[in-house]
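Student: Sequence:
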Amino acid sequence: MKISKNKCNCFKIIIINLFIIINCYSVGLSIESLPNLKPYKPVSWDNVIVVSDCTNTTYNQNLFSGNDSYIDYAFLNNGTVDITSLIYSELYINDVMVKRIFINDLQQNYYFSIEDYNYVFKIPGTYEIRLVCDPENLIKESNESDNLYERKIEVYNSIIPENDNLKNAILLTDNSGQYISDNASATKEANEIDHAEMYGCHSVWFRWIPLKSDVAFLNTHESSFDTVLAVYTGTTMESLNLITDNDDDGSGNGKSGLSFQAYAGKEYFIVVDGYDEHEFGKYKLNWNQHIRIFFEDFEADVSDWQTTHTYGAVNVWAVGGSATSKHGKKSAYISDNNGLNPQYDIDQPGKSTLSVSVDLAFFTEPVLTFWWKSVGEFNDNVFLPMDLGRLFINDGEDIMMCYWDEFSKKIDWELRSIDLKKFEGKKIILKFLWFNGYEQGKSPAFCIDDVKVSGVINKDPVLSQIPNCVSSVGKPYTSFIEAKGYSDTFVSIDFTSMLPEWLSYTIVNSQSGIIMLHGIPRENDIGAYEIKFHLSNSFKSVDKSTTIYVQETYRVKNTNDDGEGSLRNYIEMAKPYDVIMFDVNGIINLDSLIYINKPLFIIGPGYSKLSISGNDKCRVMQINGEYPISISNISIINGNTQEYREKKGGGLYNYSNALHLENVQIKDNKSEMGGGIFNDGKIVLNDCFISNNQATSEGGGIYNVFVGGTHRMITNIKIENSLINSNSATNSA
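The working numbering applies: residue 1 is where the sequence shown begins, and numbers increase by one.
Fair warning: there could be bad hints in the mix.
Said to hold, decoys possible - Cut-off 35 Å, straight-line C-alpha distance, at most; resulting in silico cross-link-like pairs (DSBU-like, lysine-lysine):
#1 K41 - K431
#2 K426 - K409
#3 K682 - K282
#4 K422 - K266
#5 K557 - K532
#6 K329 - K427
#7 K284 - K431
#8 K575 - K212
#9 K484 - K99
#10 K617 - K484
#11 K475 - K212
#12 K99 - K167
#13 K426 - K575
#14 K167 - K329
#15 K442 - K284
#16 K212 - K431
#17 K421 - K475
#18 K421 - K718
#19 K647 - K282
#20 K351 - K452
#21 K351 - K282
#22 K442 - K266
#23 K647 - K532
#24 K609 - K540
#25 K532 - K351
#26 K266 - K351
Unchecked claim - Label-pair distances were calculated between CB atoms; the ranges are:
#27 M581 - S176: 53 to 63 Å
#28 G265 - N721: 24 to 34 Å
#29 G125 - H278: 44 to 54 Å
#30 D276 - D68: 26 to 36 Å
FYI, nobody ran anything at the bench for these hints, they're computed from the structure.
Every residue gets a Cβ at the ideal spot worked out from N, C-alpha and C, and that includes glycine.
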């Protein structure tokens, strides 16, 4: 609503301080049934409370300690009747009252302002300013909850900082820490370069001598302005040598971040500046150096490492073998003669995996490094044999961390570094895999040495166990929340939201942070419940949340393709984690594919009793999403992708990360690739039957698996106790 301002009489105002300017103005606002006092921002003002460094202005300006500052504030009667009794307001700075003003009355739709109240902020820092109208509730108002307004301001140091010049750089003494100050009064030296090729004029300098050699991380996150960051060696402006710099690291709001290899005993100069001459304020320099989380040189005890052989047991890992090494006397390598030599038998196909667990629960920015060599044999044509190494990281599923030919064709040792940031805070398994084809090959096979994982310590408490997200009506629900603290510090768990009525909790261990959730949901409890809680230890507190779903069960009433009571109808109606069951047997003939993009449990009466058919004109199912989807006890038949632009997955196209098929028959489907299943995600098959599917190109039964009746070598498919037979394809069945 547009507010018109009309100056009113001021003679009714009781002037307490003769050095301030007092005005009253009229505004047109909505009318309420009673008088109502509230803090108010007049038109053209920057804020309800304006703080500036000069008089006669109503916009905020930069403030400096020890200098005169001027405060403007206003409050309004936006009720429907005049206030005719004595009222007052109070102004607080950091919880200390600095100003109280009385007035005898205030007409409706008039506001009262204080302008240019003089105040000196003696020291730099963050200040909280609060305006309270009618603090003792002397008048009855239509809204007693809007009498308060508060804001924070930053007051900068009026003195040039001690680290304004390179020669006066502040020494950072630890391998990690934070430094908080402001650079508002900092200057640029006469011969100073532009950092990160920007035009800042408020540079501050730091000197750092690491105690150990490892990767260092620096950032200016949580600073109040658009920063730049740079690292140099050299002791004068003329001799500076740039190591690395950064303007924006993508974290938002123009903040900077960088990393570099730092060496013990070497002197580095770090500079923080603004993007240009107008960017300055409160900055926070964070620095951390990697510490060793895990290291293995294979020289001593190697019992933490596990070896497995998917098939074939001739070319296997020799862990702690002495035939070759990069450093020391031992390493790990593939050998066909019990570790005597790093060689393999080219006529013996097989896969051998060497794995070890690494806990990243309390680390950020993790990095894996290791030395490797492997000649083997790689062919660009994936249908020909290949002998090569692979690296997987498992955090619940295997994720390949290399290119197809990355660990092959290398006769000399080479250092490899891999960013593990996507796994920070998790417990992972490193998996080094050797795959041997047949009839071709060159020694040596995969050899590794000095495997190291390093990272930055994160002392935040973490969740080591989250509660089960699914509960069923009428069934007891029991699950646990468990938290861990860095160095086994005490962690407390406090709920910050009300638990639903059906759910209770019991503290299992008050020292270790273990809470048991329990309850029995009823029919009217069906739905999703966000559980919010707070983890805290001696280092830090963090807020967490999880969602518990009370399932609803739908029962399919007919074999129609669409409409009320149909499978398609209930899939559309269902909420996440709901259950769909069947009261009918027979064949559901589809006119178009069934699309599922949310976590569901679909439970049929048995694959011999219920079939879902593509009717030889459409794909049967397409699965998308990041959440678990379970399908059991049905048949998927007669799918065909001839009418699709992407002719993949006649029976089922999986683009989800957690599809579970159990006791499912996939039969008589057709496609160009993946007649039965085309997998572009993760599938687990238990007790399934894949048969009589056809592909005009590859993967008659399943595209993207290395098991009988399949095509690809490395996938995210797990098959247990299942039969795959009588599938056909032009290139591989």
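Student: If a hint holds in the structure, say so; if it doesn't, say that too.
Tutor: These are the hints, each one checked on the structure:
1. K41 - K431: violated, 62 Å
2. K426 - K409: With Cα atoms ~33 Å apart, K426 and K409 stay inside 35 Å; holds.
3. K682 - K282: Answer violated: K682 to K282 is near 47 Å, above 35 Å.
4. K422 - K266: holds, 31 Å
5. K557 - K532: The hint is violated at about 38 Å.
6. K329 - K427: holds, 30 Å
7. K284 - K431: Given pair K284, K431 is violated - Cα atoms ~39 Å apart, limit 35 Å.
8. K575 - K212: Distance of about 53 Å is beyond 35 Å: violated.
9. K484 - K99: With a Cα-Cα distance of about 48 Å, the restraint between K484 and K99 is violated, given a limit of 35 Å.
10. K617 - K484: At roughly 54 Å apart (the allowed maximum being 35 Å), K484 and K617 break the hint.
11. K475 - K212: With Cα atoms ~56 Å apart, K475 and K212 exceed 35 Å; violated.
12. K99 - K167: violated, 45 Å
13. K426 - K575: Judged against 35 Å, a Cα distance of about 29 Å means the pair holds.
14. K167 - K329: violated, 47 Å
15. K442 - K284: The given pair, whose Cα atoms are some 54 Å apart, is violated under the 35 Å limit.
16. K212 - K431: Holds, at about 29 Å.
17. K421 - K475: Cα-Cα ~40 Å, so violated.
18. K421 - K718: holds, 26 Å
19. K647 - K282: Since the Cα atoms of K647 and K282 sit roughly 57 Å apart, the hinted pair is violated (cutoff 35 Å).
20. K351 - K452: holds, 24 Å
21. K351 - K282: Since the Cα atoms of K351 and K282 sit roughly 56 Å apart, the hinted pair is violated (cutoff 35 Å).
22. K442 - K266: Violated, at about 43 Å.
23. K647 - K532: Violated, at about 45 Å.
24. K609 - K540: violated, 57 Å
25. K532 - K351: Violated. K532 to K351 sits at ~45 Å, over the 35 Å cutoff.
26. K266 - K351: Roughly 45 Å separates the two Cα atoms, so the pair is violated.
27. M581 - S176: 53 to 63 Å: holds, 55 Å
28. G265 - N721: 24 to 34 Å: violated, 60 Å
29. G125 - H278: 44 to 54 Å: violated, 22 Å
30. D276 - D68: 26 to 36 Å: Holds: the Cβ-Cβ distance is about 28 Å, inside 26 to 36 Å.
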